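J.: Taking the numbering used here, the leading residue of the sequence shown gets 373, the next gets one more, and so forth.
Honestly, the hints are just simulated from the structure, not real lab data.
Each hint can be trusted.
The calculated lysine-lysine pairs, modelled on DSS-like cross-linking and capped at a C-alpha distance of 25 angstroms, are: (1) K671 with K716; (2) K716 with K524; (3) K529 with K474; (4) K586 with K524.
Listed next, with one range per pair, are the computed distances between beta-carbon atoms: (5) E520 with P423: 37 to 45 angstroms; (6) Q578 with L432: 33 to 41 angstroms; (7) L648 with F703: 21 to 29 angstroms.
The model shown is predicted, which means the values in this text are computed figures rather than measured ones.
In this text, a Cβ means the ideal position worked out from N, Cα and C, and glycines have one as well.
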Amino acid sequence: MQTAIVIVSFNGRKWLGQCLKSCQTCAPDVPIYVVDNASTDGSAEIAATFPEVTLLRQELNRGFAGGNNAGLRAALNDGAEAVMLLNQDAVLSEGCLPALEKYLAEHPQVAGVQPAIMLPDGRVNSLGNSFHFLGFGESGGSGLSLAEAQAKLPWLKHNTEPPYLSGAAVLLRAEALKQAGLFYEELFMYHEDLELSLRLRVAGWQLAVAPQVKVIHFYEPARSRKQYYYMERNRLIVWYEVFSWRTVCLLLPIYLVAEPILLLMSVAQGWLGEKLHSYGYFFRAGSWLHIMVARRRIKRLRCVSDKHLMALAAARISYQTGPTAFITRWFWNPLSSLAWAVFKPLIRW
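Kindly generate the complete structure, drawing on both the sequences and the hints.
T.: Right, here's the structure in full:
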């Protein structure tokens, strides 16, 4: 299988060198494409010191979605049959890429396979991701030991598919990307891996996790409040894009109950401005034009029902931390679980 590695870099000088060295060591004959998203810290110069790297400099920061698409297009144009997406702050382990390639070769119906993404201290960062029925995404098993996560996550306990794959480290099949399309660039960052995973599912492809294969992710929580704008905006964009209007309307009462709770949490955590800004996106005609174009693409691809997709959705938020975690645990989760028990059986289309 002809494979390529795509790494998007944005002001990642302190990580990029070790990331590329791990690729040199663990995948010495695999072409590497580094997409530099207009970094200002010399990241591109670090990448340029590796002779096997194809450096794709971007004039503007195109985000996770646009940056990865630039790398994916270059790799696919050069004949790649599979592409490994790898975060700039992650490192491959020995044997990781061959094991993922072998999995794709043995499972032709699988569009993408994710390794166990581990933190440096041995805890899990992601063993496949889960999504709430209102669009919130979570890293599956985050903060748990590998054994705890494997015992807790339903797709590992029952050997089924994960709801969606993390974009931090994943091997994607070129054939599937050519059919379903690349990342949705309107999202820029956050939930773009959820959207692509759901779109691949809509097109009839399967997803997988290989928990025995590891990537180490030197994850640092985002320090910018801007992340809340993108997370809140993008979960609704994906919701409106992927699911039928019948499903959206059915779940609207739960959404209307959830929003005041989210507003209170945004006040408590200091991101009310970003929350209100996310609403503003949906009051622009151009935004709905993007959504309607994306919906038409989903309609052309669709061979899987909302019922099938929503069977993967979670009713609870499991891994939230911080000062408002008690609200989620003791108020939101019981309310959400009750609502989902009532509404989920009604989605029959």
